[in-house]
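Q: The residues making up each chain are set out below.
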Amino acid sequence: MAGQLVQVATNTITSAVASVTIYDENPTDNRYIVAFNNILCSSATGIRYRFTTGSGTEHSGSNYDQTSRRLQASADTDHTAPVNQNSVNFTGVVVGTTVQSVNGIIEIINAGLSDQYTYATHKGSHFYNGQSVAGYQGGACLKATQVTTGIKFFMQSGNLTSGSFTLYKQVGS
Amino acid sequence: MSEFGYIPEAPEQSFGNNKGIFTPKDIYDLTRADKYTNLGQLELIETQTHSSDVSDIDFTSLGTYNVHLLTFSSTKGGGTNPQMKVRFFESGVKETANAYANAIQFCDADGSSFNYSKSTADSGIPINGNYMGGVTQGYIYLYNLGDSSKYSFLTFQSSQYSGTYGSRFFGFGSGVMKQSSTVDGINLYNSNAGNFTDFDISLYGIKEY
Numbered sequence: 001m002a003g004q005l006v007q008v009a010t011n012t013i014t015s016a017v018a019s020v021t022i023y024d025e026n027p028t029d030n031r032y033i034v035a036f037n038n039i040l041c042s043s044a045t046g047i048r049y050r051f052t053t054g055s056g057t058e059h060s061g062s063n064y065d066q067t068s069r070r071l072q073a074s075a076d077t078d079h080t081a082p083v084n085q086n087s088v089n090f091t092g093v094v095v096g097t098t099v100q101s102v103n104g105i106i107e108i109i110n111a112g113l114s115d116q117y118t119y120a121t122h123k124g125s126h127f128y129n130g131q132s133v134a135g136y137q138g139g140a141c142l143k144a145t146q147v148t149t150g151i152k153f154f155m156q157s158g159n160l161t162s163g164s165f166t167l168y169k170q171v172g173s
Numbered sequence: 001m002s003e004f005g006y007i008p009e010a011p012e013q014s015f016g017n018n019k020g021i022f023t024p025k026d027i028y029d030l031t032r033a034d035k036y037t038n039l040g041q042l043e044l045i046e047t048q049t050h051s052s053d054v055s056d057i058d059f060t061s062l063g064t065y066n067v068h069l070l071t072f073s074s075t076k077g078g079g080t081n082p083q084m085k086v087r088f089f090e091s092g093v094k095e096t097a098n099a100y101a102n103a104i105q106f107c108d109a110d111g112s113s114f115n116y117s118k119s120t121a122d123s124g125i126p127i128n129g130n131y132m133g134g135v136t137q138g139y140i141y142l143y144n145l146g147d148s149s150k151y152s153f154l155t156f157q158s159s160q161y162s163g164t165y166g167s168r169f170f171g172f173g174s175g176v177m178k179q180s181s182t183v184d185g186i187n188l189y190n191s192n193a194g195n196f197t198d199f200d201i202s203l204y205g206i207k208e209y
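So the sequence lines, in the order shown, correspond to chains X and Y. With the first letter of the first sequence counted as 1, position 81 gets the number 81 in the working numbering; the numbers rise by one all the way through. With the first letter of the second sequence counted as 1, position 62 gets the number 62 in the working numbering; the numbers rise by one all the way through.
Same shape as in the complex, but just chain Y (with noise of 0.2 Å):
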């Protein structure tokens, strides 16, 4: 008998289109092939949380997805006004220069503050306020990180409390690195040379077949 049952040809395999009876092993290699019907398509690549205080959280396994969902909790930093920003990995060296561009609006709860962010050279982009001494929460859509022919994209929404000003804030917008490489890293920082002292950041790959 030859593979799933079948003789004395086993039939192709694909997600969606699977035929016969599967052994765990077939199950596990068909797996590993992107050929079986494993349905659910938000696949966990990574979770960091806190233990010391760090400057730098890297995720520099990304898989392979044309889009990445990054979810943020917990997350507080210290230094005189802190800012969460991105900024990628092209072959694993970090991009630091002024290579990204951005446009985010961040709303004040209590209606004092519309402002309205934006720069078209920037070393990083801004994920929330500069008040994230108190804690900030959040997510990012990572678009065409591994398409070496494509600029990296992202679009987020961030909430977070100011443990200083006593005030709450809401942020969305859009950025990207303005150059066409294959990313293979995500790094986040604290842009005011503080560290984070406090995180919670998964990091998802969103399948597609």
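Just chain X, same shape as in the assembly (with noise of 0.2 Å):
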């Protein structure tokens, strides 16, 4: 019974991890959404993510360009659109309590097409800084071309401490 919606990747942090890698062993498909969820962290910085390609190769030029909208529950909103950076910071600052969780999706687009630039948008519901439920809300690009197969999540500086990421791919995308 296949479905449009097919999970070719999971990873539920157990203990500290410094980076959470996940990727399509069969690469076929251009769409990809990656939904994470209860995710915590050792410090009060950022989640970033870097595209993969072959078998979860992570590209860390200075290539990727992104723009989101800050909403934070708590304070003015505001925009950022860093250029030229080796990752993607999605999340602003996070703080690593309980309850406090980071939570969202990124759809990648464009990932199975050799000779185009990867896209994504992200979305996410957690608190900044401890403060107040806040989400990114945006897009990025891969400005290089490759076959990108998947995902690498890190901290600015510190670990991942719990969660869980999830890949699927969009079949017949």
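Hints are supplied without guarantee of correctness; some may be wrong.
Unchecked claim - Selected chain X positions facing chain Y (Cβ under 10 Å, derived; list incomplete):
1) 4
2) 12
3) 13
4) 15
5) 35
6) 67
7) 103
8) 124
9) 126
10) 133
11) 134
12) 135
13) 143
14) 168
No lab work stands behind these hints, which were simulated from the structure alone. Ideal Cβ placement from N, Cα and C applies to all residues, glycine included.
Reassemble the complex: the two chains are provided individually, in unrelated frames, and hints are given to aid placement.
A: In structure tokens form, the structure reads like this:
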């Protein structure tokens, strides 16, 4: 019973790790969705992502642009749009208290097109710096061509200590 | 012969790792045990459509998922300045206190407004502007609903047409219920005392293995 949204990889953190990489071992599609929830961390920094190619090899060059709107329940909204970064900060500062977890969705676009840039949209819901609920809502682009097979998550500094990342492919896209 | 055509012992079965020859009963039993490889991880839980005007739309069978997706289309509210909001049930009891926080960006298609809405103590989480007299559609991702030790979060995007004001609006944002509890239901309500006069809403679970 083939569906349109098919899980291809998942990683549930059971002890502190510096990074989590999930990728499709049989990349045949152009669109992926990453669902993440209950993510906690060991330090008050941002969570970042990079795209991978092949068997989870990260692209770490300074080729990532992003633009995001930061919304926060106790503060004015603002806008962040860094260019030529070596990764994408899609959360701002998060603090790893037990209940203030990081949750959200990333959609990866053009993943299987070797002659195209890889794009993503991200949306999140978490507590900004332990203050109040917030979310980065925006998009990013890897300004280099590759077949993107997955994604790597890591903290700006410190570790990821719990939570779940799951990669789905949109079959037929 | 033992299960799945193996002699003398059947191998352990799990999602993505099924071995053997399966009868319809085997497939049924393994599927119910989440041990059969049924590809397709967006699972429809329930669809509700309008048959009569109602003030609340409740989904009270959520299944067991870390992430849910709720889609809504052709949704329309009556009353003055209707606005759709989300609340949660905790162990069967609807939380109506100011336990919710949210941060939302609303945009008007004609560029006349770019409103930022936020609250740290609200009785629900708004999903669209308060002009739902037209029609609204969009989707909501919900996180950690069944986890008693976590806050329940959501992200959403919505668009709407205001019949009253003749405008198109777009909104996106984040929300949370700021207390740890087991959420076992989702309540959509028209915050301005009117009814829903039309709706087509589906709730899905996003399966993990």
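Q: Confirm or reject each hint.
A: The hints, checked one at a time:
no. : hint : result
1   : 4    : holds, 7 Å
2   : 12   : holds, 8 Å
3   : 13   : violated, 13 Å
4   : 15   : violated, 18 Å
5   : 35   : holds, 5 Å
6   : 67   : violated, 13 Å
7   : 103  : holds, 4 Å
8   : 124  : holds, 7 Å
9   : 126  : holds, 7 Å
10  : 133  : holds, 4 Å
11  : 134  : holds, 6 Å
12  : 135  : holds, 3 Å
13  : 143  : violated, 25 Å
14  : 168  : holds, 6 Å
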